[in-house]
Amino acid sequence: MSTQQILLAGLDPNTGDQTWHLADYVKRGGYAALKKILSENIPPENVINEVKKSALRGRGGAGFPAGLKWGFIPKAYQGPRYICCNTDEGEPGTFKDRDLMRFNPHQVIEGMIIAGYAVGSERGYNYIHGEVWSLYKRFEEALDEARAAGLLGQKILGSNFNFELFAHHGYGAYVCGEETGLLESIEGKKGQPRYKPPFPANYGLYGRPTVINNTETFAAVPWIIINGGEKYLELGKPNNGGTKLFSVSGHVVKPGVYEVPMGTPFPVLLEMCGGMRNGKLKAVIPGGSSAPVLPADIMMDCTLDYDSIAKAGSMLGSGAVIVMDESVCMVKALERLSYFYFEESCGQCTPCREGTGWLYRVVHRIEHGLGKPEDLDLLNSVTDNIMGRTICALGDAAALPVRSFTKHFKSEFEYHIENKKCLVPPEVQREGSRIYVTPNRVPSC
Amino acid sequence: MLDIEIDGKTLQVPEGSTVMDAAHQAGTYIPHFCYHKKLSIAANCRMCLVQVEKAPKPMPACATPVTNGMKVFTHSELAINAQKGVMEFLLINHPLDCPICDQGGECQLQDLSAGYGGGASRYQEEKRVVVNKNLGPLVSTDMTRCIHCTRCVRFTQEIAGLMELGQAYRGEHAEIMPFVEQTVASELSGNIIDLCPVGALTSKPFRFSARSWEMARRKSVSPHDGLGSNLIVQTKHDRVLRVLPLENEAVNECWLSDKDRFSYEALNSAERLTQPMLKQDGKWINASWQQALDYVAHAFKDIAKDHGAAALGALTAPQATLEELFLTQKLLRGLGSGNVDSRLRQSDFALDGKLGGAPWLGMKIAEINALDRALVVGSFLRKDQPLLAQRLRQAAKRGCQVSLIHSADDDTLVKIFAKSIVAPSQLPGLLAQVVKSAAEQKGATVDAELAKVSVTPEAQKIAASLVSGTNAAILLGNFAQQHAQAATLHALAQQLAKITGAKFGYLGEAANSVGAYVAKAVPQAGGLNAAQILASPLKGYLLLQAEPELDCANPQQTLAALQKAATVVVMSPFKLASTLEYADVLLPVAPFTETSGTFINTEGRVQSFNAVVKPLGDTRPGWKVLRVLGNLLGLPGFEQNSSEEVRAEALAGQPEFVADRLNNQANGVVLNLSLSAAGLERVSDVPIYFADALVRRAPSLQKSLDAKQPRARMNAATLAKLGVAAGKQVKVKQGSGVAQMTAELDAGLPDNCVRVAAGHVLTAGLGAMQGTLTVEPM
Ligand SMILES: Cc1cc2nc3c(=O)[nH]c(=O)nc-3n(C[C@H](O)[C@H](O)[C@H](O)COP(=O)(O)O)c2cc1C
Ligand code: SF4
Ligand code: SF4
Ligand code: FES
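Listed in order, the protein sequences are those of chains R and B. Each residue of the first sequence is one higher than the last, beginning at 0 in numbering that gives the first Met the number 0. Each residue of the second sequence is one higher than the last, beginning at 0 in numbering that gives the first Met the number 0.
If you're looking for bench data, these hints aren't it; they were derived computationally from the structure. Accuracy of the hints is not assured; some may be wrong.
In silico EDC-like cross-links for lysine to aspartate or glutamate, where the CA-CA straight-line distance does not exceed 16 Å [said to hold, decoys possible]:
hint : chain 1 : residue 1 : chain 2 : residue 2
1    : B       : K497      : B       : E439
2    : B       : K56       : R       : D395
3    : B       : K56       : R       : D383
4    : R       : K371      : B       : E124
5    : B       : K36       : B       : D20
6    : R       : K189      : B       : E174
7    : B       : K730      : B       : E743
8    : R       : K74       : R       : E121
9    : B       : K53       : B       : E76
10   : B       : K126      : B       : D96
11   : B       : K574      : B       : E548
12   : B       : K613      : B       : D237
13   : B       : K83       : R       : D383
14   : B       : K37       : B       : E248
15   : B       : K83       : B       : D110
Here chain R is said to cover these stretches of chain B; the calculated rule only asks that three of the stretch's residues, wherever they fall, bring their Cβ under 8 Å from a Cβ of chain R [to be verified]:
hint : region
16   : 53–62
17   : 75–85
18   : 89–102
19   : 171–178
Idealized CB from N, CA, C, for every residue including glycine.
Using the sequences provided together with the hints, build the complete structure.
Next up, the structure:
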């Protein structure tokens, strides 16, 4: 298996805060892809084709092929088109774009410029979540460097190609990471997802054709241009090209962001993280908090790519691997997750607005010893009524943890309901993060 | 066309249809809350989920475009399960307080929950409670009942033109609230009551007075502006309790303005006159109809005998019915006097005798939506014509370039392409510039008078816009019709329309502005017009449904004339305090809800209606009173037995439209472009809730922002020049009258202009609506 890294290659968390500048990036071979395209006058279709060949799939969660998405931008459209980068990264467990933006912002910029070239766009926005302010500031500085070097603006590198890029920061609403919620937010409106169709490729930012991709997706593009789509595909598995960033958190010795080729077996990643801290692996959420949880035995048989994890009944999602050992009470963990979705629903559509609160309150009740035997069926039925019936995928994201936790760890929930206490003895449990409840909006049991 | 199959029924629908559209066409009902045919698609309630062949998930019918060959199942197990699931979610946090909810019995949630809801709730947790919001005097809130369909939000933004409501907060904490001025001030706000599918937004004046099933529903027609909105009037025990829109796509669509909706409150006003009254030795005594009408007949006969019939005159409100107007003029002319006029706020009558017919919109109301260019001349558009303005707003959204020339710069909430705001005296000159510029651009010739004017860039821009259109209209508003050079404005607009190929029309001021012409309740050759009737004081006056001190162009002159007259006969549903001073006889005649009658709206549509309740007290329908009076006077032609007979006589048949009576073409008007205005010019609007006798007495409308006391409004330069501070009391003097009011900054006014509203008792002592005045600090 290859150990090639293309996103964080040679970047060390200890020194990375000094080596993000334009000069460092250029030294690492940066902006060569852009120069190649502009100096060789590579036709935009060829750029899109190369990305198609690479089987680069969207790194934001849904895994949609990036080249295909770029190809949807209507060629004949008269008027502006936009490139948007999704650095909202609000999904619990996900912190990969943070490292990318912190240590390698220019690679994101270069990827976005190339995307602009490929689809005939002259303007891009990077929507950066507002919680880690330093990322936003750094990106602004990187943009200034790029502008000063003639990599952004009019007639880039002496060519006829113009591209302006701006940073835009959010204010910490998870739903603004949903692509159309993000577009609304950039437009200055309340971040509420739009009903699709129409998709952003036809009706995006300000109603114009728009490409929106995740930060990591854009960052992979320069390498593909230099080395070719096929090379990228070969790094990973068929249909699952390239490398992927995994943000590993939980009970491992070395939590952090790891770049490994697609298709890497999960045990290999666990090894890289130094294995379990102490205690035995109990469960893993492989793709961020909205991905269904998998019990240890199933997870240990998976390879880290979209198809394998999907076969196992979960999702690779954003690549946020949450590792849980035997000290975790699954009821409490689910209560924590359900509260997140309850609090983050935008409230626009009925099943999610009403259903997320219902789910949370029932799980909360079970956790606090007030569960009833029929509650598990009720939870399942409520998730049935949410899934597939909402405007955006947040509804599904809220339902999937409930279904998977109660499915794989049913006995733990039953024990809780019957005995009004945890199956995992309290002395074994670690102090977890506590639920923050907004004053005056105390969800009741 | 696309083929679609809905529940086994095949049909063809136009490209771009949604499944919901197709279902409507097929006559299939799909449950829904957020969908509304006039609003954008929100797809948020999810009640309309249906099964679509090959789609793995249920799809929202309101937002799913039809594709060719699509098969839809609205009642399959998948669809019904999805709909029931959504209904359960909608109900978990709903208070289910139907017994104390005003919407009970006419609630979409209540109705649909009967079909899709469960008998008991599986939700055992605590329910959400939402704090109520203050949306002003017309709309009451119970926000806990809100189901977040955002119809109200979309209405304020898309139809009313200003997003006064929004959904704040997230998720289950989301709340609908006002945020622009912290309340809702739109003149169309009542529509959100109809739109709200639950009891979250209800009518403040109506609430708790009756259940919907206890009331009778009767059709009627709004007696206010020239649109003639179609109404459903709901009554119980011979009392009007509520007014709702009767949908008519060609007129009011499914909307009502707030005055259409809430003016009914005046019908039960304490100022209602319920018995004939006579003034004897300066004292008012109740009289029988017989006594009162005998008195009137004698008085009119005596005046005619002693001073000639020309000493009699009638002023008729343009909100009176066609039948009343027709019989009034017939009565006067029968007596030998041609002095009758309904154009009470008009001041320039130079068009009389030159106009081809009744001035009208110049097109069908619905054609406004399809315009690609429009020039509005002299109009407080939103407040004078709330629903016509709404149509222009929709046209503008679709790309129509709407331009405005006027003497005030109130926000129209219509996207304005170009505008020019000048003092009233400059308005004809400004329009002349547009005409000249359009002529230059089109290579047309203009009169010598026009050749002299020099064109400003704004006028040129407006002209260029009109010239570049393929479906343009030039529309004269109330302000232009009331202007001291109204005939000149008319002639210029007519020329401009000819040069640019535009339509040319009037935005009709009142419910029967057209009807008054058709009924001949305007002077014919030899008769005096409204201004003359008041200027050369007559001996006897008949006032029909009018309150001249508030309804006429020059209240000062009006009061002087009426006070001097020997006999003033008032036919009105109300007794106004100042009327009691000059009147001699008060005859209680029915308001529109207590009589049958006809209004002819600004597009010439004849709309008849019946009484919806019995007349209050001894009140009688106006047409009957006039008919009997005709008999008492021994006049021929007063044998009608029904209002229908009167109408048939007035219209020579039963036309739906009076197309042949309408004509805006005037010939031989002498242009009067002279700009003589020394001193401060008065700019008068007639605020929406002072415009007629009904709205003035509707308590809830009187509590709204639009009903605040008139101010003396000036721009900063004028305030400074006069040494007046905004917020301070000033004395406004015009002619012999003085009014004390607060000075207010209005940055949209031209220099040297003072905006003082008409139609209000505070300003009823002042002179003409257009003229000069002085302002002194107190
Ligand atoms: C509730 C919700 C939150 C999301 N948050 C993010 C996010 O923070 N970052 C992201 O890249 N994609 C997020 N997505 C996915 C985006 O909608 C979208 O699929 C993605 O930005 C597309 O980029 P990609 O194709 O490169 O993955 C979210 C989706 C949902 C439904
Ligand atoms: S699913 Fe939830 S977050 Fe998404 S649009 Fe609906 S209410 Fe908003
Ligand atoms: S107040 Fe009524 S109309 Fe407005 S969102 Fe709530 S339910 Fe819908
Ligand atoms: S009516 Fe279709 S989602 Fe509300």
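Query raised in the report: For the pair supplied as a hint, K37(B) and E248(B), is the alpha-carbon distance within the 16 Å limit?
Result: holds, 11 Å
Report task. Assess, step by step, whether the Cα of K371(R) is no farther than 16 Å from the Cα of E124(B), and give holds or violated. Result -> Holds, because 13 Å separates the two Cα atoms, which is no more than 16 Å.
Requested in this report: Mind checking the alpha carbons of K53(B) and E76(B) for me, to see if they're no more than 16 Å apart?
Outcome: holds, 15 Å
**Report entry** Pairwise hint evaluation, D20(B) against K36(B), where the allowed Cα distance is 16 Å at most
**Finding:** holds, 9 Å
Report task. Closer than 8 Å, Cβ to Cβ, for at least three residues: run that test on the region 171–178 of chain B against chain R and report holds or violated. Result -> holds (count 3)
Query raised in the report: K83(B) and D383(R): Cα distance at most 16 Å?
Result: Holds, at about 12 Å.
Query raised in the report: When you check the alpha-carbon spacing of K613(B) and D237(B), does it fall within 16 Å?
Result: Cα-Cα ~6 Å, so holds.
Query - Within 8 Å of chain R's CB atoms, at least three CB atoms from the region 89–102 of chain B: coverage verdict - result: holds (count 3)
Query - Restraint status (C-alpha distance of K74(R) to E121(R) at most 16 Å) - result: Holds: K74(R) and E121(R) sit about 14 Å apart, inside 16 Å.
Report task. Test coverage of the region 53–62 of chain B by chain R using CB-CB distances below 8 Å; three residues minimum. Result -> holds (count 5)
Report task. With a cut-off of 16 Å on the C-alpha distance, tell me whether K83(B) and D110(B) pass. Result -> Answer holds: K83(B) to D110(B) is near 13 Å, not above 16 Å.
Requested in this report: Would you check the hint for K189(R) and E174(B), treating anything up to 16 Å between C-alpha atoms as holding?
Outcome: Given pair K189(R), E174(B) holds - Cα atoms ~13 Å apart, limit 16 Å.
In this structure, every one of the numbered hints holds.
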